Amino acid sequence: MSDLMVIINMLALVYLGWFVERSLQKNKSKMWLFSGLVVVMLVILFTLPNYGPTYSYIMVTTILMYLVLTVSWALFSGPTGYISLAPAAFFGVGIYTSAVLGKDIPLLAVVLLGGILSFVLAMIVGALTLRLKGTYFIMFTFGLVLLITNLLLWYEIKFTGTRGRFVVAAGNDTIYYVMLGIFILLLITAFIIKRSKFGLALQSIGQNEEAAAHMGINVTGVKVIVFAITAFFMGMAGAIMTMKWTYIDPYSAFDLFRSFLPVLMAIFGGMRYFYGPVLGSVIFAYLEEKLLTEFPYVYKLAFGIVLIAVILYLPDGLAGLVDKIRARIARKKNALT
Amino acid sequence: MEKFLDVVIAGLLLGGLYALIAMGMSLQYGVARVLNLAHGEFIMLGALSTWTLYTVFDISPLIAVAICGPITFVLGFLIHRTMFRKLLSSSTNQGIFESTSMLASFGLMYVISNLAFMAWGPEIRGYSYLMDTVSIGGALFGARRLVTLGFALAIGVAFYIFLSRTKIGKAIRAAAQDPATAGLMGVNINMVLAICFGLGAAMAGIAGVLVSMCYPVNAAMGIEYLTVAIIVVVLGGLGSIPGSFIGGFLLGIIGSIVSFIEPGLTVVAYYAIFVILLLVRPKGLLGK
Numbered sequence: 001m002s003d004l005m006v007i008i009n010m011l012a013l014v015y016l017g018w019f020v021e022r023s024l025q026k027n028k029s030k031m032w033l034f035s036g037l038v039v040v041m042l043v044i045l046f047t048l049p050n051y052g053p054t055y056s057y058i059m060v061t062t063i064l065m066y067l068v069l070t071v072s073w074a075l076f077s078g079p080t081g082y083i084s085l086a087p088a089a090f091f092g093v094g095i096y097t098s099a100v101l102g103k104d105i106p107l108l109a110v111v112l113l114g115g116i117l118s119f120v121l122a123m124i125v126g127a128l129t130l131r132l133k134g135t136y137f138i139m140f141t142f143g144l145v146l147l148i149t150n151l152l153l154w155y156e157i158k159f160t161g162t163r164g165r166f167v168v169a170a171g172n173d174t175i176y177y178v179m180l181g182i183f184i185l186l187l188i189t190a191f192i193i194k195r196s197k198f199g200l201a202l203q204s205i206g207q208n209e210e211a212a213a214h215m216g217i218n219v220t221g222v223k224v225i226v227f228a229i230t231a232f233f234m235g236m237a238g239a240i241m242t243m244k245w246t247y248i249d250p251y252s253a254f255d256l257f258r259s260f261l262p263v264l265m266a267i268f269g270g271m272r273y274f275y276g277p278v279l280g281s282v283i284f285a286y287l288e289e290k291l292l293t294e295f296p297y298v299y300k301l302a303f304g305i306v307l308i309a310v311i312l313y314l315p316d317g318l319a320g321l322v323d324k325i326r327a328r329i330a331r332k333k334n335a336l337t
Numbered sequence: 338m339e340k341f342l343d344v345v346i347a348g349l350l351l352g353g354l355y356a357l358i359a360m361g362m363s364l365q366y367g368v369a370r371v372l373n374l375a376h377g378e379f380i381m382l383g384a385l386s387t388w389t390l391y392t393v394f395d396i397s398p399l400i401a402v403a404i405c406g407p408i409t410f411v412l413g414f415l416i417h418r419t420m421f422r423k424l425l426s427s428s429t430n431q432g433i434f435e436s437t438s439m440l441a442s443f444g445l446m447y448v449i450s451n452l453a454f455m456a457w458g459p460e461i462r463g464y465s466y467l468m469d470t471v472s473i474g475g476a477l478f479g480a481r482r483l484v485t486l487g488f489a490l491a492i493g494v495a496f497y498i499f500l501s502r503t504k505i506g507k508a509i510r511a512a513a514q515d516p517a518t519a520g521l522m523g524v525n526i527n528m529v530l531a532i533c534f535g536l537g538a539a540m541a542g543i544a545g546v547l548v549s550m551c552y553p554v555n556a557a558m559g560i561e562y563l564t565v566a567i568i569v570v571v572l573g574g575l576g577s578i579p580g581s582f583i584g585g586f587l588l589g590i591i592g593s594i595v596s597f598i599e600p601g602l603t604v605v606a607y608y609a610i611f612v613i614l615l616l617v618r619p620k621g622l623l624g625k
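Quick mapping for you: the protein sequence lines, in order, are chains D and F.
Going by this note's numbering, the residue at position 35 of the first sequence is 35; the numbering climbs one at a time, nothing skipped.
Quick note: to get this note's numbering, add 337 to the position in the second sequence (first position is 1).
Note that these hints are calculated values from the structure, not bench results.
Do not take every clue at face value.
Said to hold, decoys possible - Lysine to any residue pairs mimicking SDA-like chemistry, simulated, CA-CA at most 25 Å apart:
#1 F:423 to D:321
#2 F:423 to D:306
#3 F:620 to D:83
#4 D:194 to D:184
#5 D:133 to F:436
#6 D:133 to F:622
#7 D:324 to D:203
#8 D:300 to F:435
#9 D:26 to D:328
#10 D:194 to D:10
#11 D:290 to F:557
#12 D:324 to D:305
#13 D:133 to F:430
#14 F:423 to D:323
#15 D:197 to D:19
#16 D:244 to D:2
#17 D:290 to F:456
#18 D:300 to F:448
#19 D:158 to D:168
#20 D:300 to F:419
#21 F:423 to D:206
#22 F:340 to F:484
#23 D:26 to D:325
#24 D:133 to F:431
#25 F:504 to F:407
#26 D:26 to D:41
#27 D:103 to D:153
#28 F:423 to D:325
#29 D:158 to F:430
#30 D:324 to D:25
#31 D:324 to F:429
#32 D:300 to D:314
#33 D:158 to D:251
#34 D:244 to D:184
#35 F:620 to D:209
This one's a predicted model, so the numbers in the text were calculated from it and none came from an experiment.
Isolated chain D (complex conformation) (with noise of 0.2 Å):
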């Protein structure tokens, strides 16, 4: 019972995706259908502590962390190529915020703190690195979440004399309705952003760096603004998130594992598309909760199968599939008539 609840809900979070993606287009025919299905959707969402198991909501918290993660990974990289393993990074400067601060300022304040503190690195790293290109700001954004989590390791253990920190705990339905307004916060951003010159000019800069520099677009200052854009939502992601989890140490927090999962998940689901992210990491994040616990091996195994069988087959994933299977069924219609 409680599974159906968590699907249903996971329906209404990537119909949220679908219908930003179906107002930036021109296409404007049915929009007062879909706009009132957006509100019976948030509905929805916004209950489900009234009326779902403990359970279901813990289980749609942990979506949505995937869903934030993911959507503003590939609202940067998506557009413009540049592939960030930082996530982790951005992710765990809010956890640690959280771990520091927890106790002294309310909730809000700490999880808007950490978003602010993980723009503020963005902006430094962005800075500094953004003019490196293709593989060596992979490299770059690998090696940075290592340098900071065997740094802060060292610190930790040389001057507070202990490993890992205890986080203030916070109810579970506080924690699903604060996740909740940073998911719907990234998608307003992120029409914001597609919609404004910024969308325009981080595609251009995908397409043709030079080409976009020429023709007067400040390259750097838009792919850093942006970058760090994205990190302020993983960075209050991290700082929500941890307040579940009440005990952490550099390793979990700085996990690199929540930077690669990101790009799994956007690739899988179909980068070409605004809510393919989305779908993606719906589907990703609902297994990992189901199988991860009992079958690790097994799990981690299909991921990866899956994640070559999608690079070599489904270039565009998912949402490429379902647009394949479209295009196919309305022409048979077409043929028929």
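Chain D is fixed; fit chain F onto it per the hints.
Same frame as chain D, now just chain F:
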């Protein structure tokens, strides 16, 4: 002064292993253009197979080199022939191939490491072999460390001769410089790339055999050696094989010096060098 010499020699012994690991990765990136994130898993395969060969079948690790090397070569060769070749033909330009092949190799890393977890389990394995010590300049070192260093040097030299003197070595160098033109000159380019990928995997496999002689091993060890390989490859210059060879020894010595001064900072120093290097001189020591 004597203390300093000890530290440097210990660094050289460690560096030999690093050099071998990094040369394989450098070959795969420099010629086949695959930043192979599954590199560490080939090391793990070599290490755990050696453990099984030694403890179950009583086969000496030195003979295991001759078994694991060819097997990992064939494995790498086949992986390139199937997976990366398909990616190569579907990618429109080199930049796209580099990023998609890296992600595909990440999937490969998952597949290999979790198969190993199923086969060997997560336990940490070790065995004792060649436990004699040798005295160098007054300090004692394990004979197995010297064997490791010897192997690394021998493979480095043999590989250098292979590249500079043989016909296939010439084809590899040509493919590294300009694959399209090399193809026009009659080099069977897909074959050369697959051979390079296989050779890289074989170096990782042999490095794994040597690792298992000196350190405890388990199915999760891959990522640790992968990060070392990436650091050394960047240090030496991305895609430069002599650079990786020198970079390996350099990193070994640096690591040994830092752990002499402040053991907790060894790994931090590695990543700090890596990050600073990418900012200041991304092409590394010998990069073009």
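To see whether the hints hold, each was checked on the structure:
At roughly 19 Å between alpha-carbon atoms, residue 423 of chain F and residue 321 of chain D fall within 25 Å of each other, so this suggested pair holds. Between residue 423 of chain F and residue 306 of chain D the CA atoms are separated by roughly 16 Å; this keeps the pair inside 25 Å, and the hint holds. With a C-alpha separation of about 19 Å, the suggested pairing of residue 620 of chain F with residue 83 of chain D holds against the 25 Å cut-off. Taking the CA atoms of residue 194 of chain D and residue 184 of chain D, the gap is about 15 Å. The hint holds against a cut of 25 Å.
A distance of roughly 11 Å separates the Cα atoms of residue 133 of chain D and residue 436 of chain F; the hinted pair therefore holds under the 25 Å criterion. Pair hint residue 133 of chain D plus residue 622 of chain F holds up; C-alpha atoms about 18 Å apart against a cutoff of 25 Å. Taking the CA atoms of residue 324 of chain D and residue 203 of chain D, the gap is about 23 Å. The hint holds against a cut of 25 Å. Straight-line distance between C-alpha atoms of residue 300 of chain D and residue 435 of chain F comes to about 24 Å, which keeps the hinted pair within the 25 Å bound.
Under the criterion of a C-alpha separation no larger than 25 Å, the hint pairing residue 26 of chain D with residue 328 of chain D is consistent with the structure, at around 23 Å. About 24 Å separates the Cα atoms of residue 194 of chain D and residue 10 of chain D, which keeps this hinted pair within 25 Å; it holds. Among the hinted pairs, residue 290 of chain D with residue 557 of chain F is consistent with the structure: their alpha-carbon atoms are about 23 Å apart, no more than 25 Å. For the hint pairing residue 324 of chain D with residue 305 of chain D, the CA-to-CA distance comes to about 22 Å; that is within 25 Å, so the pair holds.
Annotation: proposed proximity of residue 133 of chain D to residue 430 of chain F holds, straight-line Cα distance about 15 Å (limit 25 Å). With a C-alpha separation of about 23 Å, the suggested pairing of residue 423 of chain F with residue 323 of chain D holds against the 25 Å cut-off. For a cut-off of 25 Å, the pair hint linking residue 197 of chain D to residue 19 of chain D stands: about 21 Å separates their Cα positions. Pair hint residue 244 of chain D plus residue 2 of chain D holds up; C-alpha atoms about 20 Å apart against a cutoff of 25 Å.
Annotation: proposed proximity of residue 290 of chain D to residue 456 of chain F holds, straight-line Cα distance about 23 Å (limit 25 Å). Restraint check for residue 300 of chain D and residue 448 of chain F: the C-alpha separation of about 7 Å stays at or below 25 Å, so the hint holds. Between residue 158 of chain D and residue 168 of chain D the CA atoms are separated by roughly 24 Å; this keeps the pair inside 25 Å, and the hint holds. A hinted pair counts as satisfied when its Cα atoms are at most 25 Å apart, and residue 300 of chain D with residue 419 of chain F qualifies at roughly 22 Å.
For the suggested pair residue 423 of chain F and residue 206 of chain D, the alpha carbons sit about 24 Å apart, so the restraint of at most 25 Å is met. Of the pairs offered as hints, the one joining residue 340 of chain F and residue 484 of chain F holds, with about 23 Å between alpha carbons and a cut-off of 25 Å not exceeded. Using a Cα cut-off of 25 Å, the hinted pair residue 26 of chain D and residue 325 of chain D holds, with the two alpha carbons roughly 22 Å apart. Straight-line distance between C-alpha atoms of residue 133 of chain D and residue 431 of chain F comes to about 13 Å, which keeps the hinted pair within the 25 Å bound.
Restraint check: the Cα-Cα separation between residue 504 of chain F and residue 407 of chain F comes to about 20 Å, which is no more than 25 Å; the hinted pair holds. With a C-alpha separation of about 23 Å, the suggested pair residue 26 of chain D and residue 41 of chain D falls inside the 25 Å cut-off, and the hint holds. Annotation: proposed proximity of residue 103 of chain D to residue 153 of chain D holds, straight-line Cα distance about 22 Å (limit 25 Å). A distance of roughly 24 Å separates the Cα atoms of residue 423 of chain F and residue 325 of chain D; the hinted pair therefore holds under the 25 Å criterion.
Between residue 158 of chain D and residue 430 of chain F the CA atoms are separated by roughly 48 Å; this puts the pair beyond 25 Å, and the hint is violated. Pair hint residue 324 of chain D plus residue 25 of chain D holds up; C-alpha atoms about 19 Å apart against a cutoff of 25 Å. Note on residue 324 of chain D and residue 429 of chain F: the hinted pairing holds, with a Cα-Cα distance of about 21 Å set against a maximum of 25 Å. Among the hinted pairs, residue 300 of chain D with residue 314 of chain D is consistent with the structure: their alpha-carbon atoms are about 20 Å apart, no more than 25 Å.
Taking the CA atoms of residue 158 of chain D and residue 251 of chain D, the gap is near 16 Å; set against the 25 Å cutoff, the hint holds. Between residue 244 of chain D and residue 184 of chain D the CA atoms are separated by roughly 20 Å; this keeps the pair inside 25 Å, and the hint holds. Pair hint residue 620 of chain F plus residue 209 of chain D holds up; C-alpha atoms about 21 Å apart against a cutoff of 25 Å.
Consistency note: the structure conflicts with earlier hint 29 alone.
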